[in-house]
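Student: Take a look at the letters that make up each chain.
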Amino acid sequence: MLNRLAQAYGFRTMFIAVFSGALVYFVDSRQMRAKRLERETRFARIVGLGYMIGGPMLWLGIHLVLRWMG
Amino acid sequence: MTFLLVTAVFLFSLKEIDWTNFLPLLGTKVGDVVWTGVKLGISDYEGYEVFLIILPFMLIPGRAPKAAVLGLGLNLVFRLMILVATVGVFGMHTVDFLWPVGMLAKFVEVPGGIFDRLEVAFMIIWVSVAFSSTMLYNYFASLGLSRLMQFKEQSLFTFALVPLLYIISLIPANEIATEMLTRLEQVLAVSICFATPLLLLGFSWVFGIKDET
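The listed protein sequences correspond, in order, to chains A and B. Here this note's numbering is used: the first residue of the first sequence is 1245, the next is one more, and so on. Here this note's numbering is used: the first residue of the second sequence is 22, the next is one more, and so on.
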């Protein structure tokens, strides 16, 4: 199961997650702020940051666990 | 462009078609033919829920049935052309191929040698068509999620869904698993597409809601 997850969540997927997160955080949240949509701005920031931080953390976690398990 | 390419593949394969491959016509019982056709046809027409989703966004909703019939009719004509060409050329060996239409494009020869490999052009168009429907579904998913969370903008979810879609696309390990996932998705889509409108229609009858789109 973990091997399958590692195959699906490789470096490329992690890069896509970070890139999407950056777009949501920097582009979408600014657009929402310009439209004065408070809830949407907050959501975009949380999701963007979550992807940008959580993406590499998950990738690192999966590969560390896999290395630890041998 | 897709219309031109499908028509080209059909026309160039016409001289290769062995019409005896269609014989015996209606060799099995009509009931069996209809039942098998309906079973396969329903899963192939799973994309029709698009009409139900875009209906409230149309400038003139009254024209929706006409547009739907035209769209589905064109789709039906294309499918019929491809079916006739594929079965006519490959006969009973059609079932041996995973993607018979791709094989047909590879098999067809363009007169004059303008294209040596028609399947390259065919695949380029086919992939772009496949991705255009993916974009459409991504839009609908983001629209649905934004409505669900009561956001005023749907574009928030457009990029946020991309990693999830990419991970889902990587889940099947090989072509067989991809086909199995496609079958599962077809069963789910058909159940939801047929059950949801019927349920909504039932609710509208029970609660007496009329002409509210």
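Treat the hints as calculated values from the structure; they're not laboratory data. A portion of the hints provided could be inaccurate.
[As the list claims (entries may be wrong)] As a list, the in silico EDC-like pairs of lysine to aspartate or glutamate whose alpha-carbon atoms are at most 16 Å apart:
#	chain 1	residue 1	chain 2	residue 2
1	B	K36	B	D53
2	A	K1279	B	E174
3	B	K173	A	E1282
[To be verified] With the C-beta cut set under 7 Å, the calculated list includes, among others, these residues of chain B facing chain A:
#	residue
4	R168
5	L169
6	F172
Yeah, the Cβ is synthetic: ideal placement off N, Cα and C, and Gly gets one too.
Student: List in ascending order the numbers of the hints, as given earlier, that are violated by the structure.
Tutor: The structure conflicts with hints 1, 4, 5, although it agrees with all the remaining ones.
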